[in-house]
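Chemist: Sequence:
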Amino acid sequence: MGKRSIAVTTSRSEFLPAEGENNEYERQGGCFVTTKRALLLVFLAIACFIVLALLMYYYGPNSKENEAVSSEKPDIENLINKSIESVTSDSLRLPSHVYPTFYKLRIQPYLKEEEPEKNFTFVGKVIIGIRCTKRTKTIVMNAGNIQIGHSDVRVYTKKILIKSLSQVKEAPSNMTTQEQQQENISDSSTAPTSAIPSTTQKPTEGVSTTSVITKESVNFTASSTTEDIPTSTSKEATTASPLSDNGLPTTLPSSATTPKSSTVASSTTEKSKQVNASSSSPVLSKGNIVEVPVEFIDNIPVSTKLVITVGQLLEVEVNYTIEIKFSGNISDHLVGLYKAPYIDSSGKERWIINTNFMPVYARNVFPCFDEPSLKTTFEISIARKENMTALSNMPLKETENKSEDGWVWDHFVKTPKMTTYSLAFSVGDLDNREVSRETPQFRIWAVDKLHESNYSAEMSVKALNYLEDYFGMKYPLPKLDFVVVPDLVEDAVESWGLVAFRDQALLVDPKSENWEIKSNILRNLAEPLSHQWFGKLVTMSNWSDFWLREGIGKFLAFGVVQSIDSEIGFLDTYVIDNIPILYADSLKTTKKLYYGIENIGQLKEMYNSGIVNKGTALLRMLNFTLSGSVFKKGTQDFIKKWSFESTSEEEYWNALDKIVSDQKILPENITVKAFMNSWTRQAGYPIVTINSINTSGQILLHQQRFVEGNTDSDNVWIIPLSYITKSNSTLGRVWLNGEKDKKVDIELSNSNDSWILFNADAGFYRVNYDNENWNKLLNQINSDPSEIPSSCRAQLLSDAFELAYKGIISYEIPLDFTKYLEKNERQFAPWEAAMRSFHNIEYIIRRSMHFGKLQAYVRKLIKVSFKEMGFNEKTNESLNTKKLRKRIIEAACFARHQPCLKWAENKFDEWTQTSDPDKDNPIPYTFRKVVMCNAIKMGGESEWEFVWNRTLSYRTTPADLKIMYLSLGCSRDPWIIKRYLFKSINGSVALQDIPYVWKSITHPVGIDVGVQFVRENWQKIHDTFADEDYTILISIINEFFGKLSTKSDLEDLTMLYKEHETKLGKISPVMLNVVERIKTRIAWADTNMETVVSWIENNIR
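Oh and the sequence shown: position 517 is 517 in the UniProt record's numbering, straight run, nothing missing.
Simulated from the structure, these hints should not be mistaken for lab results.
Virtual Cβ for every residue (Gly too), placed ideally from N, Cα, C.
Take every hint as true, because none was put in to throw you off.
Below, a list of computed lysine-lysine pairs in the DSS-like style, where the Cα atoms sit at most 30 Å apart:
| # | residue 1 | residue 2 |
| --- | --- | --- |
| 1 | K919 | K929 |
| 2 | K673 | K740 |
| 3 | K1047 | K1079 |
Here are the simulated distance ranges between beta carbons:
| # | residue 1 | residue 2 | range |
| --- | --- | --- | --- |
| 4 | E490 | D565 | 20 to 26 Å |
| 5 | W975 | M1055 | 19 to 25 Å |
| 6 | K588 | D916 | 50 to 56 Å |
Make the full structure from the sequences, and use the hints.
Modeler: Structural data, given as structure tokens:
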């Protein structure tokens, strides 16, 4: 069959239209085809190309690989990783060419006003002194959720500094204003320390650090008010933003009354807007003030930056002043400037407004240079109603009447140099009590219940005494205020001189003698107080050093607690505190403690993660390694040298190294810096494996990263290994100085039962032994556990269970270790370690048919202790016994031990039958959670309603409220759980308490209901809890989804992520961590379920 031919003509006239319907073509030269035939040729060419591509795809050299990829199902980890890779965020850091020299901030917050449009808004004005390290036309600062009018920005200087316009050099003629601006924005390197006195360079000795900035040095009239400063340079400016007699806007921008608005100054769709004069305008002069024309104001929302472009170059080392008027909305969330509602004793809803600027939320209230290295002074003025109280960092200087009826201005004493996140203020209807101490002036403020602050007042004085001694320096400010705020993102939010606390973190009924409440209050006090020195007086200059600030605060808090209550065992508590930290840091998704934080997303991720708790553990290890006295002396030297300044982690290591080198504490070739960098510059931590080479005591040490999969990596650490032996309880030490393997000689006895135990103090690592040593340790614990310290017994149990969980040793080893608990263990720490390990198994096994067997084994373990200890505390009982009784009773009811369940039922009934259950609760505080939870679990709607109604009473203490929220989710009725979850998103539960609701439903029924509820109500959940740093939403993800354990759970989570990938993508790192935990549990069930169940079956008979 012949090929089909296509006629081709060369007649150009064929393409020319003729009259009528027909086309005629006249040949004029060239080669032509008809339109129809041309389209046919194109179609054939495309078809050939597609066929060729398909042939190469399926039969080419990579066809098998392509086939595998195309058939692969989209894994949730792949989806999350793609989200992480696609997230872009502008640089966190500001350009270094402009820095602040002072702030004067005036702000007027409105609560409930007669004019509804003002409700929960604020207006203000900030005056900022600046200097430049290079000539520039742009000023880049931070501004978040605030509105700035187009004519509300001024830049000016003193006339004497610019004698004539001719002295102001123009930008190069070939560079546009936008190019100049872009050049300066892209320069985000750190400013030279010689140019910025508040960075990591120590000021000249002899210069006062409490008030480096003076009115002479900034060439600016310093006063507590700003009426002496011109408020406008043109009629247009005055008209555009009318001012009150105090210099604040008298009207709000239209968007200010819209809660969801996040518009700042100029439209985000326009690159820039002209505000004042053009670049050709002359420098304006009025009296002694020289105006610098402002050309453009640009907002960069992603990085919360505000760029001010001026018409003339700003000169190096000239003092300039920026004046900006602004307005905004008081937030519903717990960051920035927010409102905290409460019900007073008359049943009326009231509010306190409070600030939480950590880490980068000062910018949401006023334009500023919101970086930790840029410390300077602040003068704060706050407008308030006459019947209210305003508090800030410093003492009140004076109060002046405002022209508006019922309003006054509080002006506060100028602060020493400090960071923007250290700034704070609170306004509310507050009462106070003086705390008896000579200096500083110390007060506790609250709406009511001041009589419940007796214990915290007494303990605060003791804590301050301890910290002043530890730091070798008196408290650095003239006053200290504690304020009780109904809603806080955590138990305490500390600023310099003003610390906000949740109710339950500070208040306790004077009649209560409960050890648990008082212990929590003591810890809650100690950490923010320690930050008054390490964190406020001395500040980390880089966000990457943030872990050190947090870690030292938590570490010193424990020192405070132990100094006041010596009965608390340091090592026992350390081991228990470390269990969740070690677990979290063993995941593949964990990050190193120190890493370069380049954008806001990374900063918020670090701030919301628990990784900073690892810093506390590392500092404990360092303290033990160097000795407490050396660590304390190095810290004192560091604080003294860097007071009122910003500095770095490295300078802290240098201070410790100086003491260490003088006393020759560390091995010759190891420095504190090298030692700590090996732990902070890489993710995870090591497991050290101990193998005996011979009976004479020669041992082979091997280190590798302890991580899921147990793959031997190249990671190595500098490890101070401590040990004890059967024949010698004195602590010995050997070092692994970055070696993977090392042989050491340790003196051991010749007896057949001679064992060695490593990590006998506070090391942040796991230990594995050869089978022979594991068996010797097991025999010792079964025969006489007291030969091994209780902290080491707890450590052995924790290590053995985690090694088995990761598949490194058989589960028979840790399970065999638990047998001795039944009759031979009466210390809290080992029991706590064992029960936490059982709960890790419980998350996996509870939805299987084998859960009852686990409960049966726990019943066997606790039976003797339960009978011995009873329910009632005895006179002069030790803290260890009190803590152990609570743990045994919780375990007994968890295991469905009938005497425990019956007791819980009776105690709950006793409460329900009191005449005034809001006032009188006969259940001992320590056992209220276990009693309420079991009553609701075994009961129905009436039990649930009884507890829920108690949450609505203003007489319910915050500590009890937390217990009730944690108990209400114990119901096994799906409809009750669903109703409870609806209450959590409709405003019936305070924002700070939402995580307790979701934590309470992590049982099989609750998980099924909760997952479905999230999918059905995701939009509402996101809109309610997705605040700026996603704190509440992240807590829900961790507390609820973090407990899922089955393949079905993972499929549900995958579907949820696919449906809402855009919004969940904003917390991708948290989701990735949760997915790893779920996959680990799924793998555990496949690998270990049979072994564990078989062992339990053989040991419950």
